[in-house]
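Novice: Single-letter residue listing:
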Amino acid sequence: MAEHTLYSISQFLPEIIIVATLCVIIVADLFDKNEKSSSGWILLVGFAAAGMAILFQIGRNESVFYDMIAVDPFAVFFKILLVITGLFIVAFSMKSRELDAYKSRMGEYYMLLSGMMLGMMLMVGSANLLLMYLALEITSISSYVLVGFTKRSLRSAEASMKYIIYGAVSSGVMLYGLSLLIGITGATDIYSVNSALAAGVDQPLILNIALLMILVGLGFKIAIVPFHFWAPDVYEGAPITITALLAVASKLAAFAIIIRFFKVSFTDNSGLTDYGLWTLFEGLNWNLLLAGMAVLAMILGNLTALKQDNIKRMLAYSSISHAGYLLMGLVILTEQGISTILIYLFIYIFMTLGAFYVAMLFSNKVSTESIEAYKGLGRRAPLQGVAMTIFLVSLTGLPPTGGFIAKLYIFGAAINAGWIWLVAIAGIMTVVSLFYYIRVVRNLFFFEPSDDEDELVFSTMSKVILLILLIPTLLLGVYFSPLIEFAGKSIQMFGM
Amino acid sequence: MEFQIFGVGILTWIVFLPILGMIIVLLLPDKNKNAIRYTAVTITGIQVLLAGIIFALFDRTKFGVNDAESFQFVEQFSWITVEAVPWVGRIEISYFLGIDGLSVLMILLTSLIGFIGAISSFSIDKMVKGYFALYLLLVTGMMGVFVALDFFLFFIFWEVMLLPMYFLIGLWGGPRREYAAIKFFIYTFVGGILMLLTMLALYFSVAYTDPATGQSVHTFNMLHMMNPANYVEGSILSGVDTTWRYVAWMALFINFAIKIPLFPFHTWLPDAHVEAPTPISVILAGVLLKLGAYGLLRINFPIFPDGTVFFMYFMASLGMISIIYGAFCAMAQDDFKKLIAYSSISHMGIVVLGLAALNTQGMVGGVLQMFNHGIITAVLFLAVGVLYDRTHMRGLYDFGGIANQMPRYTGIAMIGMFAALGLPGLNGFVSELFSFLGAFESFRWITIISVFGIIITAAYILWTIQRVFLGKTPEKLEKLQDLTAREYIMFVPLIILIILLGIYPAPAIELMNTSLSQLVEIVTGGGR
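In order, the protein sequences belong to chains V and B.
The working numbering puts the first sequence at residues 1 to 496.
The working numbering puts the second sequence at residues 1001 to 1528.
Just chain V, with the same shape it has in the complex (with noise of 0.2 Å):
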């Protein structure tokens, strides 16, 4: 038994990594006698250890502590696109001017962010619903505190307690369903949950109702139509790199967890079928409700977008019709399915977070976040705006760049399995986003700036993060075998 535990704990080595991390910079703030703190380069150095050590767990397929956690290469796939995430999240931190205002808090500010990365590292690997659920909740009370941190700011404080309310509820449905899932089947592993199903639940209808609930609180991570209301407000009054933040990073684990639960839970793994998914199920049509989700988040999403002025709650609506495409995935669940989510989420890190910075970059020099007020920009940082057009138009899917790849694979699932309605509405749906995301374009390029509006001026450092990110947007356009491999060999969870 103590055995285990150790064997355990060597195997728990990123998330011990992040915790030491979390305490350091607790110590060292309080010795950060002048403005400049050392808490952001500890974060950095602390996330490139992580990411070391995840290497490490490459190729295993084993559960910890117990079944409570599944080291296996989906969870470690997740892993590193979470590190490589918060690396870039906290490079973005030390440049954002928004932040400066707030030089002495930043120690928090930064402890915080590794408190929610520890959060979302249990969620990817979590097998057990009560893990699933504490996992859930530090991700969230860590982000709640992120998104009001510029406190002074009206917004910012505002979109907090939203975020607080509507994580609250949902939470709290959400552990209702969970307990109502661990009385019917008796168990709190997820495996022990699926052969409990396997051998035959007496109650269906208390059994739909508690994943119903379940759904309520994943999909609130998610922001899936129509628990997506907190989205726009928090989205627009965070700091932007929360707000990046909560788009890439949030959204990775919280469709992590969703595959994960869903898939393990309630699978035929007798084997006999491909599509056998959600067999363990009567009374509801689960694909549909999946599918009918994604559709309204996908319209909703697109069509709200258009209206927007402000370019992080464009992005935010934008992030949600990205979330209906990604459900499209999950509605197949086959292990292709699966298999193009990941493929959509590697690539989708690369283009928000690109937009996002340039977003960012544009609000340091200018101060502003309204579309309206970029005219113009694009002639005074050519290289940003060219940069912001490569990404948008990415985020849109059109070839040559990575976007297109992401949709090209999401769409081809869809149709292998049939889906054909889904995918045209998708498509449809595409050609919407094409008008706001290319109204941004219009605004950098096609307008003259005025006279007295010099070229901005932009550090190195600040292009050299830019065309990092920029490189795997374009090139995982026109070569993109080694991800599709990885995002192949990543399907593959414990137990299963």
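If you're looking for bench data, these hints aren't it; they were derived computationally from the structure.
Predicted model only: the values in this text are computed from it and were never measured.
Here a beta-carbon is modelled for each residue, glycine too, at the ideal position from N, C-alpha and C.
Hints may contain errors.
[Stated by the list, open to error] Partial selection, computed: residues in chain V whose CB lies under 7 Å from chain B: (1) THR188; (2) THR430; (3) LEU434.
[Unchecked claim] Here are the simulated DMTMM-like pairs of lysine to aspartate or glutamate, each with C-alpha atoms no more than 25 Å apart in a straight line: (4) LYS1126(B) - ASP1030(B); (5) LYS1183(B) - GLU448(V); (6) LYS1126(B) - ASP309(V); (7) LYS1129(B) - ASP1389(B); (8) LYS1129(B) - GLU455(V); (9) LYS1033(B) - GLU448(V); (10) LYS1183(B) - GLU453(V); (11) LYS365(V) - ASP309(V); (12) LYS375(V) - ASP1030(B); (13) LYS1476(B) - ASP454(V); (14) LYS1129(B) - GLU453(V); (15) LYS95(V) - ASP451(V); (16) LYS1033(B) - ASP451(V); (17) LYS463(V) - ASP1389(B); (18) LYS1031(B) - GLU453(V); (19) LYS1126(B) - GLU485(V).
Place chain B on chain V using the hints.
Specialist: Using the frame of chain V, we list chain B on its own:
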């Protein structure tokens, strides 16, 4: 047939040379406008030379179309192969270029129009660097579509053209350029999505057995898609004359019809043409519209022969409506550029009518008409551009008596106009005759009605000549300068081709005859 330069195949050169030029242009200093311009002209000039080599070496007896062996200048490399994923067998996307009789004429056209467009672009003075970088990217996209034999590659090149075109119209265009640019973008993007979905459906339906390993491989290779034996049993597009196959045919057709553009998908064209700067109008009418018709030939016809036969009357009817409707609209215009835009719709209708006939004669006429129309409209748009540069006017009623002022210019413009009208002895006549003759065999009444389009065409062209070139010169238009040396360079090659192909079209017809016969064979029975 292979031809390599520095170990790289000639098709790769001709496609990616402009990208090389784009990089050079981007590296040149902003201020040095002429260096940028001459780079672009040199690069496109080399393309013309390469196209000349292709023309000289092209074997006229090989048919291509669905037979990999008889394609020429083939370059095929594996680009993306994914083995590890268990779900759909092996995935294969290849870098597969090659030409046959369907594409060779289009390559000649693209390189020539690209070169002339570059010369004509000298009049652009705003943001020269950005302009030529985008222009060269556009040329790569166009050339790529004509040589790609892998559907995925075809799609990438197809979509790559969108963004440069959007910027070229939107940044360097006329007063309503933004509206025109976004309209163009959205129309083509809608078509692109339809093509994407069809491409994916085809991909999952087609699998060939790799002779080396015996594996079943899903592929984007168009030639495999043309072979009915490769369709997986029970997949969405398997079988013959199924609803899904008709739906797929229609999705592709709409995409190509938007590009051609056929009535009722044509409304973006007049806007785009009017607002685009002259060289971009030339590219648009000269090459871009041909991509649509080429797509029908390369993809719709051989991959979906059943759909093509089923919808043949539908295609011909749309062609007929475009011919008549386009001609009437042209007659109603008082803007010179809009007039040519609508005449393009009318003339592209003839192309579709010819192709829809599904016999060798009609198809030869259709493809030749694609080439001829490219040359003729280029002349007409350049002619408008010349007038616009001097007077900053385009209204047909603003002019008069230009013949007295600019006699040489008038001579050249008139040749272009008469060729558009279909005067015997000039190239337009030959291709229109072939198209109508072929179409008459297949559909009598549609052809008879369509021929009336020619009369309307004659009416609006003669009326235009009368309004612009003849009559009394308004006072403000006196002392216009006749053609400059640069303008002669643009016009002369085109005029020579117009006359040459009018008198002796055999060299052009020889290039495509065998391929088109094979295509007819595939569509009307042999391939099924």
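Novice: Are the hints correct? Go through all of them and say.
Specialist: Each hint tested on the structure:
no.: 1; hint: THR188; verdict: violated, 31 Å
no.: 2; hint: THR430; verdict: holds, 6 Å
no.: 3; hint: LEU434; verdict: holds, 6 Å
no.: 4; hint: LYS1126(B) - ASP1030(B); verdict: holds, 11 Å
no.: 5; hint: LYS1183(B) - GLU448(V); verdict: holds, 22 Å
no.: 6; hint: LYS1126(B) - ASP309(V); verdict: violated, 29 Å
no.: 7; hint: LYS1129(B) - ASP1389(B); verdict: holds, 21 Å
no.: 8; hint: LYS1129(B) - GLU455(V); verdict: holds, 17 Å
no.: 9; hint: LYS1033(B) - GLU448(V); verdict: holds, 20 Å
no.: 10; hint: LYS1183(B) - GLU453(V); verdict: violated, 31 Å
no.: 11; hint: LYS365(V) - ASP309(V); verdict: holds, 18 Å
no.: 12; hint: LYS375(V) - ASP1030(B); verdict: holds, 22 Å
no.: 13; hint: LYS1476(B) - ASP454(V); verdict: violated, 41 Å
no.: 14; hint: LYS1129(B) - GLU453(V); verdict: holds, 21 Å
no.: 15; hint: LYS95(V) - ASP451(V); verdict: violated, 28 Å
no.: 16; hint: LYS1033(B) - ASP451(V); verdict: holds, 22 Å
no.: 17; hint: LYS463(V) - ASP1389(B); verdict: violated, 41 Å
no.: 18; hint: LYS1031(B) - GLU453(V); verdict: holds, 20 Å
no.: 19; hint: LYS1126(B) - GLU485(V); verdict: violated, 46 Å
In summary, the numbered hints that this structure violates are 1, 6, 10, 13, 15, 17, 19.
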